[in-house]
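Number of protein chains: 2
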Amino acid sequence: MFKVNEDYLKLPGSYLFSTVGKKFRGYQAQHPDQKVISLGIGDVTRPLTESTITALHAAVDEMGKAETFHGYAPDLGYDFLRNAMAAEYTERGCDIAADEVFVSDGAKSDSANIQEIFGRDNVIAVCDPVYPVYVDSNVMAGRTGTYDANTGTWSDVIYMPCTEENGFAPALPEKTPDIIYLCSPNNPTGAALKKSELQKWVDYANANHAVIIFDAAYEAYITEEDVPHSIFECKGARTCAIELRSFSKNAGYTGLRLGATVIPRDLVSVDGQPLHPLWARRHGTKYNGAPYIVQRAGASVYTPEGKQQIKELVGIYQKNAAYILNGLKEGGYTVYGGVNAPYIWMKTTGGMTSWEFFDYLLENAQVVGTPGSGFGPSGEHYFRLTAFGTYENTVEAVERIRKL
Amino acid sequence: MFKVNEDYLKLPGSYLFSTVGKKFRGYQAQHPDQKVISLGIGDVTRPLTESTITALHAAVDEMGKAETFHGYAPDLGYDFLRNAMAAEYTERGCDIAADEVFVSDGAKSDSANIQEIFGRDNVIAVCDPVYPVYVDSNVMAGRTGTYDANTGTWSDVIYMPCTEENGFAPALPEKTPDIIYLCSPNNPTGAALKKSELQKWVDYANANHAVIIFDAAYEAYITEEDVPHSIFECKGARTCAIELRSFSKNAGYTGLRLGATVIPRDLVSVDGQPLHPLWARRHGTKYNGAPYIVQRAGASVYTPEGKQQIKELVGIYQKNAAYILNGLKEGGYTVYGGVNAPYIWMKTTGGMTSWEFFDYLLENAQVVGTPGSGFGPSGEHYFRLTAFGTYENTVEAVERIRKL
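So the protein sequences, as listed, match chains A and B.
Using numbering that gives the first Met the number 0, you'd call the opening residue of the first sequence number 0 and step up by one each time.
Using numbering that gives the first Met the number 0, you'd call the opening residue of the second sequence number 0 and step up by one each time.
Chain A extracted, bound-state conformation (with noise of 0.2 Å):
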């Protein structure tokens, strides 16, 4: 007689993406003639660089040659890329090696996998409003107690309140977590912590014998000069924390799927655990490699006319973040983030709730957002846009929004 993963069954609602989604697409089902402008999931809109479709068009021709096939990948990834990628450890200063480094098809599987190496009784910290797979992913791991839906909380997570009298940026915690999920540049709230900052958290860290997961998926938006890119520019980050790479906002890689996450060796629980073999064992019987055309793209981004080809991408898209900001703020609105983020974080007006705000903004703008409430209480009367529409679209839709 089976039984299901009554886990599972705890998860309030539905995953927030696939909501935003179904109302998306039933309002238009319902006003076929009306053009619904999407700021609202994190996809991009830009088609691949030159570099990206020129090595997927040559790798696909290796793979229909016998000399020049390949099949099953190395478990951890290509050696080309994870060289590549720690060769850009090297030149921002970071001590992170080629082998310390895990290929896999994304970071959302990875940011939702990696809690499977820690044992169900680790309290974890997040901020609040949050990603919500990093709460999700350990609601089905069965660790996060009994959810309260009035608060929308769950009863053994420690909630790190991110909000416009803290800058957004999350304050360190009464109660001593085990893992700690930062992001920075924040998803869903555009801030970013400053080094000086994020260091104070590696220490943190350090004297807990905590761990922290650093997701760093959209370091390629900074543009201030005291942004770390990587939580390894800071002193001690190599014995407390995890990396979580992607390749979604800087190379637009969200349909190809290719992401990594960075253990270092020196990363050890109290009791002598190192993580690094764990992690490994994961992807040896669980996992079988990232697709070898995708890791050749993927390594094509770190050539010389790759960078700078994202660099134009990703130009694009701080274009679109930039004006948004600006036109809201000019409009009257309250926003925030936008500047090391490809996110705009804008509360919303007239006392709305989010959902409230978003059905207001999908009926008589046209546009569509993410609510605030989605990502955590403290995430309540906020909205999130994103920088990914094009131009045209990002254009109107600020033009819609300011004539309300």
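It is possible that some hints are incorrect.
Given that identical chains are not distinguished, each listed pair holds provided it fits within a single copy or across any two copies.
[Said to hold, decoys possible] Straight-line distance between alpha carbons at most 27 Å, and here's what the computed DSS-like set of lysine-lysine pairs gives:
| id | residue 1 | residue 2 |
| --- | --- | --- |
| 1 | Lys285 | Lys9 |
| 2 | Lys193 | Lys402 |
| 3 | Lys34 | Lys9 |
| 4 | Lys306 | Lys318 |
| 5 | Lys193 | Lys318 |
No lab work stands behind these hints: they were computed from the structure.
Keep in mind that this is a model prediction, so the values were computed, not measured.
Chain B: place on chain A using the hints.
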């Protein structure tokens, strides 16, 4: 103070194929002048077929233009691929809808992740010998009790011996399991269940409210009429079976990564929980879809030309399988499988253990296979050879073994 997942630490040694690979590379490094032939890991060697290559190039071109760019894929797979797979089920007389097909990056990930939607206290039954991922993924989830290094078994796992005596077809277990893993045609023994035999399992599972996780990765190798290609050819399977599908061994996608899992909506636990939405939730939360270009490639396999081409591709490996089977038989060896599967299950000679035989073949014939004991205790004194080498290497390997 973070603690690691203690269940990971219970795993004995490293992943079977990693060990085989290490020994292989170690020997080759010490004997760079010798040509070692691997019929070990189940990796294909033939290039991708024309339909796949053409589909990949076309899809890559789409990704290079804004009008045809594809970002995030639908969580559960593109309709064009789900529909193609569902249509094949219909052709086979199976009642499977497109929305019951969940597209993924491969059967290895799915076979490892599927246990996650079940509660921790389910008892699993596996064939012995068995593909290690079924057991290891359950070990990592804390579902298998304690390991006995002497017998190579876990206290809480039900083992169903597949031996020479029972024709490598498992008998119904004495103790009733909750989750039953079946793989037919089988990895590693190459044996295949006839339809009447599989029907018994379906009836047994329905009678006991157990679920069968049916691994159909090798169905393309079936040559005999009464061997089912899908468990859904059996009556009543919709209420008790999950089917794992792979593109690795039919279309040669080991390095491209594509698979699917089929969960009928009628599959519901005794207390009324359907499994379909749980797996959908897992996909939505922990996975971001298979790459668009790879799904396009996968759909090309279902076109008339695509079907013809993979039939030819499989035919090449089938020819190898027959060559190994007959060649070794003629050489006086005891060998099984190879008729409905790309695997040949060979008895070791002179009472050698599987690993002794591995070293013996590597050192004296420079042929790499996979030790049967790595698949479970009943695999001891057996050795797995695969048909995925080139024809020339396959012939040479058989000759070398026959000369010993």
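A quick look at each hint next to the structure:
1. Lys285 <-> Lys9: Answer is both; intra-copy 25 Å and inter-copy 16 Å each pass.
2. Lys193 <-> Lys402: Answer is neither; intra-copy 36 Å and inter-copy 69 Å both fail.
3. Lys34 <-> Lys9: For Lys34 and Lys9, neither the intra-copy (37 Å) nor the inter-copy (56 Å) Cα distance is at most 27 Å.
4. Lys306 <-> Lys318: within (18 Å within a copy, 47 Å between copies)
5. Lys193 <-> Lys318: Result: close within a single copy only, 22 Å intra versus 63 Å inter.
Violated hints, listed in ascending order, are 2 and 3; each of the other numbered hints is respected by the structure.
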